[in-house]
Amino acid sequence: MSETGVFAAYAAIGSMAIAPIYFGSFSSLDRLKSSHKKREQNEFAEYSDSEDEEEESEAVSAEDAYMFPVYGSLALFSLYMIFKYLNKEWVNLLLSGYFALLGVAALTQVTVRTVKGISGIKLPLYHLHLVHHTKTAFHLKFTNLHLVSLAVSAVATAYYLWSKNWIISNLFGLAFSFSAITLIRLDSFRSGMIMLGGLFLYDIFWVFGTEVMVSVAKNFDAPIKVVFPKTLFPEDGGKLQFTMLGLGDIVVPGIFLALCLRFDRHQYLTRIGYQPDKSLPKALGGQHRGFGFPTPYFYSCLAAYVGGLATTISVMHVFKAAQPALLYLSPACTFAVLLTAYARGEVKEAFAYTEITDEEGESAKGNGKDKKKDDSAALGVHRYNLRKQPTASSGGIMTPTSAGELADDEQEGVRTRKVLDEKVSPISDRSDTESLVPNTPSKSKGAKRGPKPKNGGAKSKSKK
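Numbered per numbering that gives the first Met the number 0, the sequence shown spans residues 0 to 463.
The set of hints was computed from the structure by calculation and includes no laboratory data.
The beta-carbon is built from N, C-alpha and C at its ideal position, and this holds for glycine as well.
Please note: incorrect hints may appear among the correct ones.
[Claimed, not checked] Listed next, the in silico DSS-like pairs over lysine-lysine satisfying Cα-Cα at most 27 Å (straight line): (1) Lys229 x Lys115; (2) Lys224 x Lys83; (3) Lys87 x Lys32; (4) Lys134 x Lys115; (5) Lys224 x Lys87.
[Stated by the list, open to error] Pair ranges (Cβ atoms, derived): (6) Lys87 x Arg270: 27 to 37 Å; (7) Ile271 x Leu100: 14 to 24 Å; (8) Glu88 x Lys140: 33 to 43 Å; (9) Ser60 x Lys87: 29 to 39 Å; (10) Val130 x Leu337: 49 to 59 Å; (11) Ile271 x Lys134: 34 to 44 Å; (12) Asn218 x Leu100: 18 to 28 Å; (13) Phe137 x Thr3: 33 to 43 Å; (14) Glu88 x Leu200: 27 to 37 Å; (15) Tyr65 x Arg288: 40 to 50 Å; (16) His128 x Leu100: 15 to 25 Å.
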């Protein structure tokens with residue numbers, strides 16, 4: 000086996016690791032919001048618009064980051080036990096089918112985003128809309144490009160299940176990595192460093208402390224890694240020998256790098272005075288997305304990732320043994336951000352930076368609206384109770400005015416209260432258990448007497 004082929008395989012593995020990180024990080028940048036009112040669109044838009052297509056992202060908090068090594072350990076050890084005590088062929092068949100379905104979806108979405116991003120075309124948009132009791136239960140938007148990509152992805156998946164071709168496996172792995180880096184968002188650098196630190200210890204334990212990691216990697220026949228043959232044409236028709244890199248060594252540092260890129264953009268927007276509720280600054284040239292900005296944190300962390308990956312491959316090549324890549328990648332990415340922040344005097348800003356997903360923002364808004372509704376309802380009940388309090392009129396005990404009569408609208412309520420204030424005497428200071436004693440009506444001409452109290456009620460005394 001020639002050294003040239005081996006180094007070419009290492010270069011290919013490195014390129015396949017960097018590509019989804021780079022493009023996935025830029026794909027994670029949201030479209031800027033501003034006070035500029037976009038043209039109104041129908042719920043069922045006629046044409047697709049890549050700028051309006053925002054996918055829901057999954058936020059990773061510090062609490063989630065603490066649990067990453069725990070969940071990863073449980074999943075890894077479970078797979079180890081399954082492969083040890085069950086038939087590997089049947090297990091791999093089930094897992095391959097599951098990952099094949101995921102691969103079709105991921106490959107379709109990545110193909111559509113790539114074609115639309117390069118060409119910028121707008122295609123006729125179709126809607127699949129399911130409604131239950133006037134509420135939307137399911138809404139799917141797609142174009143002809145989605146259908147073509149879905150068909151191609153399905154054919155590629157079928158070919159992979161039949162042949163286990165390593166090229167198709169790599170396509171699935173790259174699609175998974177790109178989608179994960181785009182959609183999974185760390186909410187702060189603190190969460191990212193907790194995640195990297197925890198998985199650093201996780202990798203060391205399961206690779207050096209046990210045989211679990213290596214055993215699962217060898218037995219697990221699914222597109223969860225990128226591979227490249229050490230020689231494309233083996234001698235004497237032998238089997239291809241591959242060098243490989245797990246998707247976790249791409250995705251985990253990748254979502255941290257995507258956070259660095261979003262922080263770079265945040266710092267730039269802060270300097271030029273961008274505010275979501277106001278018009279875009281002139282420096283952006285009216286662009287909500289795709290504008291240039293300085294990226295010191297992103298490129299310093301990317302350089303550290305490349306250095307850490309090169310160190311991993313070098314140690315693996317020299318000692319001829321599998322290496323936990325996160326052993327080198329986690330410290331490299333963490334210290335790259337810390338050193339960049341220290342050199343730029345932005346350590347405080349870096350650790351103060353947080354992100355809130357659209358779902359959390361909408362939830363906060365919804366809670367605020369609900370609170371206002373509750374306050375309004377409470378106020379309405381309070382007003383209604385005040386109106387129901389009995390008052391002593393000039394002709395006897397006053398019958399409470401119904402809520403419907405007073406609550407038809409606010410203006411009518413105001414007028415009613417004015418009339419009551421003019422014609423009704425003040426409420427007695429007696430307790431609620433005592434009967435209210437009406438005053439004797441004045442003997443003015445035309446005045447009507449109120450009804451006499453029933454059941455032997457107390458008689459009123461007229462003033463002389």
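Hint check results:
1. Lys229 x Lys115: Between Lys229 and Lys115 the Cα gap is close to 35 Å, so the pair fails against 27 Å, i.e. violated.
2. Lys224 x Lys83: Cα-Cα ~21 Å, so holds.
3. Lys87 x Lys32: violated, 51 Å
4. Lys134 x Lys115: violated, 31 Å
5. Lys224 x Lys87: holds, 18 Å
6. Lys87 x Arg270: 27 to 37 Å: violated, 56 Å
7. Ile271 x Leu100: 14 to 24 Å: violated, 45 Å
8. Glu88 x Lys140: 33 to 43 Å: 40 Å Cβ-Cβ, so the 33 to 43 Å window holds.
9. Ser60 x Lys87: 29 to 39 Å: holds, 37 Å
10. Val130 x Leu337: 49 to 59 Å: holds, 52 Å
11. Ile271 x Lys134: 34 to 44 Å: holds, 42 Å
12. Asn218 x Leu100: 18 to 28 Å: Cβ of Asn218 to Cβ of Leu100: about 21 Å, so the range 18 to 28 Å holds.
13. Phe137 x Thr3: 33 to 43 Å: violated, 53 Å
14. Glu88 x Leu200: 27 to 37 Å: With a Cβ separation near 34 Å, Glu88 and Leu200 satisfy 27 to 37 Å, so the hint holds.
15. Tyr65 x Arg288: 40 to 50 Å: violated, 33 Å
16. His128 x Leu100: 15 to 25 Å: holds, 24 Å
Hints 1, 3, 4, 6, 7, 13 and 15, counting from the list given before, are not met by this structure.
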